[in-house]
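S.K.: Chain by chain, the residues run as shown.
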Amino acid sequence: MLDTAKRKEMLRTMIKLRAFEEKLEELYQKRAMYGSTHSYRGQEAVAVGVCSALEPKDLIASYHRGTGHIIAKGADLYRLMCECMGRLDGYSKGRGGKMHMGDLSFGFLGNTGTVGGTVPFATGAALAAQIRGSKEVAVSFLGDGAMNQGVVHEAMNFAGIWKLPVIYVCENNLYAMTVSVEKSVAIKHVAERAKGYGFEGKVIDGNDVELVYAETLKAAEKGRAGGGATFLECLTYRWDGHFGGDPGTAYRAKEEIEAWKQRCPVKRLKEKLIAEGNLQSEEFEKITAAVYAEIEEVAKKAQASPMPPKEFELESVFAKSEVAHG
Amino acid sequence: MLDTAKRKEMLRTMIKLRAFEEKLEELYQKRAMYGSTHSYRGQEAVAVGVCSALEPKDLIASYHRGTGHIIAKGADLYRLMCECMGRLDGYSKGRGGKMHMGDLSFGFLGNTGTVGGTVPFATGAALAAQIRGSKEVAVSFLGDGAMNQGVVHEAMNFAGIWKLPVIYVCENNLYAMTVSVEKSVAIKHVAERAKGYGFEGKVIDGNDVELVYAETLKAAEKGRAGGGATFLECLTYRWDGHFGGDPGTAYRAKEEIEAWKQRCPVKRLKEKLIAEGNLQSEEFEKITAAVYAEIEEVAKKAQASPMPPKEFELESVFAKSEVAHG
Amino acid sequence: MAKAENLQMPQGEVKEMRLQEALREALRYEMARDPRVFVIGEDVALFGGAYGVTRGLLQEFGDSRVRDTPISEAGMVGLAIGAAINGMRPVVEIQFCDLLPLCMDQITTHAARYYYQTGGRISVPLVVRNKFGTRPGGGPSHSSCNHGAFVHFPGLKIIIPTTPADGKGLLLSAIRDPNPVVCFESHHLYGVKGPVPEGDYTVPIGVAAVRREGKDLTIVTCGGMVLKADEAAVALQAKGVDVEIIDLRSLAPLDKETILKSVAKTKRAMVVDEGSMVGGVTSEIAAVIQENLFSDLKGPVVRVGAQHIPPPHSPPLVEAILPSVDGIVGAALRLAEGKRK
Amino acid sequence: MAKAENLQMPQGEVKEMRLQEALREALRYEMARDPRVFVIGEDVALFGGAYGVTRGLLQEFGDSRVRDTPISEAGMVGLAIGAAINGMRPVVEIQFCDLLPLCMDQITTHAARYYYQTGGRISVPLVVRNKFGTRPGGGPSHSSCNHGAFVHFPGLKIIIPTTPADGKGLLLSAIRDPNPVVCFESHHLYGVKGPVPEGDYTVPIGVAAVRREGKDLTIVTCGGMVLKADEAAVALQAKGVDVEIIDLRSLAPLDKETILKSVAKTKRAMVVDEGSMVGGVTSEIAAVIQENLFSDLKGPVVRVGAQHIPPPHSPPLVEAILPSVDGIVGAALRLAEGKRK
Ligand SMILES: Cc1ncc(C[n+]2csc(CCOP(=O)(O)OP(=O)(O)O)c2C)c(N)n1
Ligand SMILES: Cc1ncc(C[n+]2csc(CCOP(=O)(O)OP(=O)(O)O)c2C)c(N)n1
Ligand SMILES: [Mg+2]
Ligand SMILES: [Mg+2]
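Chains as they are written, first to last, in my numbering: chain A, 1 to 326; chain B, 1001 to 1326; chain C, 2001 to 2341; chain D, 3001 to 3341.
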């Protein structure tokens, strides 16, 4: 059983993820943010549960809906915000935007806008750990939609045959853009597919941050001990549209959205802590206010930061020498 | 239970497949055949069992080890031999060689040298049948090695969600080139994966031509009735090396090869028919001799046929008008 | 190769619409006419396509012929090839050209070579539509221009419509073509309006349009860059340089005749493309022109394309790598110097 | 860009070996030196690679660092990228270049752009080796030349060694390079012998070799076509045309300096490549030369490449589409006409 301090920390981080998305959405509406948002609201328990169970040296690979993952793993909010806004101080100097970043200083292997594209990276990072005998595990976040990409299949097969220390965290939020998972796969749970690769696949409540934490911890220990890969299908839901500007209602019933909002991961942990007597409403409000204020600060600072100059550098494409890794 | 005439026909076809490969091997040694051979010896029961259960309008997609499939489906031996030998009378006018052919007149969707590449073609041909309401089923032959190609995963998922009338006939001959299936997948039977796509996967003895026939018939009826896809993992073995010139012993034990030769599909049906009193040894010898003589004739004729001129036609790349299909 | 035609005002009934709508017109028209035509892609049915091109088709033609797919680019192209072989006329939507490398094998090794490698026994009438174009906020995986890479693979036809009329006419030709056709649709042009003929209107594949006549210098271009060339031509006219603009419309087959005829007249050529200048459309066309008209040319064939850098996210970086009107004007002036002196 | 060097006789201890063996030498040398280097690919371990390049590595370095893979081209490249990000130095063998389109997305959208799109935070030191070349019996899926298509994608280095010494030297540089490098190995050259320096011998990426000096005409070429250029040069010498041959060795970065220096001297240029002439290496180099040396040139830059047709199976068809020594000689004579008159 997790101690209260850790659980409060997770609660705080979930609020942070949410506040960040809300600020981003606001900036998007104001056209201060470039590209599209991909709101993580509603799915916070997955990123926070997983990343809280990892060690700093462990690695994650993320995808288009990646802000939550990397904040939970320890990203600097200012750099992240700057990247969203195309600023020079962004993680990628404004070159990549929020779908294209990576920074090993906090164990972030990277994300891309190609669905499923980074799943082999986590798998390969785990291969590196295995060859070297270093003990980090790698987590590959992926959406339900990514399950039907060829390269994801290939990567998972590698994880199976070589018993790689990798955890596939599939966030099944029931939709890939506007196409429901029922239309995309013919089985109830994609976790079933893990069997075909020779490792364990579990279906868990992705809105229960403590459960996600516990299952990740188990999977990580197994991976470190040479037990190979684990697949966790986390059932969850995105509250917002697929991207900024999509109300998300053309292909989803209002009732469905409402029902899932009732299962809010933040509310759930909050109420549990309160019921246990480990949290007061006022304390919760205070945490929330502090987090929102922090995000507000970050956004202000980012908005005041410089854009990249209107210049290209052919040298920005090739590394001149090795970037220090790890 | 299959009648004797049909079974004798299947026996005859299996011998024909074998005789063809042996002739090809001989031509390869003499450098009269271009490219590599991919001998089908040992696997004859799969192609013959499957294709004997299909109707003429049904379709097959094949792969590099494809001679057996297409002879069983009704290919013209002369055209096939010519293609192997790079002759103008070949199925592809010498352009494609035996790995690149296709002819709808006998329900052959085509093959290519890219492992797994044609699996979506059979799946898409089945989609065409479904949209149109025509009742043909499509068979996709594939090797065990092809199971780890991304596009194969994607195609099978389509077959599952759309309940397409397609049969995946996976010839598990235990090796993909020199890499054993045990090193390539972490489960005992790849048929297991069919579950992940929402359809049935069966493991069957691929050297039992009657069983292959019966299972194909069932799967085809199911497909025609709207019951969707079936996966048949046929356990079998290639007697020869992967390609002409490969003795096949650098990565396989001699004992293993010998053991599988004992399970010869031709011998098996022959002995059964003899035991039943439905075949005499002399009759078998006569059939065999006739088949080998036929192949000999074909090879002679092919060797005397013209090579393509040393010319290229840019027009050969684009169809000017639609090729009549079906 | 058919004769080049001027960008004529289409005959008969004409309706003003966006490129996006004109493409939809072509799909609707042909789906109504030919029951073999069907549309598959991510979000094409219920949602009507990420850019609205397939909007309404589900309602009109039903879910058997308008199908949302899982996220399986290679698989959907492969299925479409199989369906085409078995007598259908599939149109696949790939959400953006950055995803084409995922189905590159199916397109370039399979669809493109099938007719050849079956000795002409099987043709693959397939259309793969996709959006391309570099813009702020897209970034390295969402706003590429890779049409130039496809030119190198034999067996493909490649169209790249600029006007709404060409959008309809070329797409209709593509669906009816017995060969695989890749249709590159510019992000920058989807919303641009123009007159589109009603009914059975086709534009032949492989025929460029002389978009503007001029005598001093030829700009060969395509896609969204055509609009920049238009602007540049106006600016250049003011400076005494009379520009002819060739809108390629097809990249394969390439309408060499129209290009060479124009350059033989103007004796100065520039190629402008949104893709990287290295190894792309600009290279091929420059090579062709100098190869055929070497002694006529008054100067080198000048290439103006994107810098050889992945498409960036931030607006100033995007601006910095893309061809600009000023850049085109400047290069044209340098090239035309001989004339103006 | 470093200075071009002549094809010098390597210094120090030298051993005669085939290109195939020289590549193996590079792998062995670097695996022994750097524990981060590992090799994966189909049949590379137990079998030693489809062309024997990795023979013996399993025995020497063990099955953790020499791994047979399932048939998963995109997956293995993707895994290698992940391992590279996490500090390793993977070398992937793709059995032949026809399979590169299967992993095109991982190579061109991911590996190639990672350094850029992470703002320089992460580099991807990855080598993807593959065999290319058109020959009888390979046919449309087994004997392509698609190196020309990769040139269009920013962020990749591309090497294409001709001599065994360059094979060793370039591959060693590639493994040590912090960026993704695609190594195209010619089917026609695997068995060709030459002297190879022992020990730590590298050849810089991006530097072409002047393989033969001459004053009348420059042939720029690479891979297996270098040998045809050699033959052609001898024939041309007999006819009074003194040919300079540039062996590119790297396609990206392209050594423009060496090319332009040579053509500035000879004033006549030809580009010979085994890939299709349309939109490939020949186009890019022709465009570059005419762009930079227009007024020096005595004739157009002539392209000699494969016909724009998929690689055929039957020997006469293969012969018909490939550049031939006679074809090169004929084209060179036409180009050099001015001189000989
Ligand atoms: C390979 C690929 N195909 C299509 C797209 C367009 N696209 C972006 S996100 C998305 C849906 C992804 O769904 P899922 O994997 O479930 O993640 P979610 O958005 O639900 O978090 C699609 C189709 C893409 N980016 N990459
Ligand atoms: C995509 C691809 N990868 C690699 C190869 C090289 N190759 C040709 S056949 C083969 C093994 C195929 O094994 P399997 O699918 O089991 O068929 P089998 O040869 O056993 O009949 C390989 C690796 C190829 N042709 N295509
Ligand atoms: Mg989803
Ligand atoms: Mg096999």
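In short, the hints are calculated from the structure, not lab data.
A portion of the hints provided could be inaccurate.
On the chain C side, residues computed to face chain A include the following (Cβ under 7 Å) [what the hints assert, rightly or not]:
| no. | residue |
| --- | --- |
| 1 | F2047 |
| 2 | S2072 |
| 3 | G2120 |
| 4 | G2137 |
| 5 | S2314 |
Using N, Cα and C, we set each Cβ at its ideal position, and we do this for glycine too.
S.K.: Hold the hint about S2314 of chain C up to the distance rule: shortest CB distance to chain A must be less than 7 Å.
M.R.: With a minimum Cβ separation of about 3 Å from chain A (threshold 7 Å), the hint on S2314 of chain C holds.
S.K.: Once the shortest beta carbon distance from G2137 of chain C to chain A is found, is it less than 7 Å?
M.R.: Holds. Min distance 3 Å.
S.K.: Grab the minimum C-beta distance from S2072 of chain C to chain A and call the hint holds if it beats 7 Å, violated otherwise.
M.R.: 5 Å, holds
S.K.: Given F2047 of chain C as an interface hint, is the shortest Cβ-Cβ distance to chain A below 7 Å?
M.R.: 4 Å, holds
S.K.: Is the shortest C-beta separation between G2120 of chain C and chain A less than 7 Å?
M.R.: 30 Å, violated
Consistency with the previously given hints fails for number 3 only.
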